[in-house]
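Chains as they are written, first to last, in the numbering used here: chain A, 6 to 115; chain B, 3 to 118.
These aren't lab readings, by the way, just hints derived from the structure by calculation. All C-beta atoms in this analysis are idealised placements derived from N, C-alpha and C, irrespective of residue type, glycine included. Take these hints with a grain of salt, some might be off.
Said to hold, decoys possible - Just so you have them, the derived chain A footprint on chain B, three or more residues with Cβ under 8 Å:
{"id": "1", "stretch": "45-56"}
{"id": "2", "stretch": "106-116"}
Claimed, not checked - Chain A is faced by these chain B residues, among others (derived, beta-carbon under 10 Å):
{"id": "3", "residue": "V6"}
{"id": "4", "residue": "P11"}
{"id": "5", "residue": "Y27"}
{"id": "6", "residue": "S32"}
{"id": "7", "residue": "F93"}
{"id": "8", "residue": "C94"}
{"id": "9", "residue": "Y102"}
{"id": "10", "residue": "G103"}
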Amino acid sequence: NAGVTQTPKFQVLKTGQSMTLQCAQDMNHEYMSWYRQDPGMGLRLIHYSVGAGITDQGEVPNGYNVSRSTTEDFPLRLLSAAPSQTSVYFCASSHQGLAFFGQGTRLTVV
Amino acid sequence: AQTVTQSQPEMSVQEAETVTLSCTYDTSESDYYLFWYKQPPSRQMILVIRQEAYKQQNATENRFSVNFQKAAKSFSLKISDSQLGDAAMYFCAYRSAVEYGNKLVFGAGTILRVKS
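Looking at chain A on its own, in the form it has when it is part of the complex:
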């Protein structure tokens, strides 16, 4: 009963490096989202998807790319990491209006 699985749980990047945060769900949910959590700002939506092949931007999309080739997977790509992208990242899948969150990835960009 995995639910939403995010990898890695922790990551340190150097400025300018690229990486992909992985997110997988095994509940066959159509909707998936990426949020970032910063102190004093709550969680903010980066990108979301309403099904395989369909993605759209959220509130803070700059510096991030996503794709959704399968229902199960929704990776988040940082093409050139910046210190402003230091944050905790959450992936979520949704069904009937209820969101199920992964355990989060703490990313530090130095």
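The hints should help you fit chain B onto chain A, whose structure is shown.
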């Protein structure tokens, strides 16, 4: 765009006492959902309670209840008989019932400390 405001960065409560966390929101929509999430130190986001805007009755889940005031756009969370395990960050969140994508708008959060 919708906004959610949590005006209490931090709250404290004595074990077994009652505490209320405040949340206000701004929207022009009439149909929406409101949520309270708990985030313990483990970082896991745990749904505490959900309220549907078209329902006048306040939602209740065991020791957790809400005071939903639609006209005032207020959605407070009351925790009764507080326990040490209630200590966490609490987020209020809004979701439109008509917008595409099941997108959540979160408040900044309130840290709840429980004293023994």
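Each hint, compared with the structure:
| no. | hint | result |
| --- | --- | --- |
| 1 | 45-56 | holds (count 5) |
| 2 | 106-116 | holds (count 6) |
| 3 | V6 | holds (8 Å) |
| 4 | P11 | holds (8 Å) |
| 5 | Y27 | violated (12 Å) |
| 6 | S32 | violated (16 Å) |
| 7 | F93 | holds (6 Å) |
| 8 | C94 | holds (9 Å) |
| 9 | Y102 | holds (6 Å) |
| 10 | G103 | holds (5 Å) |
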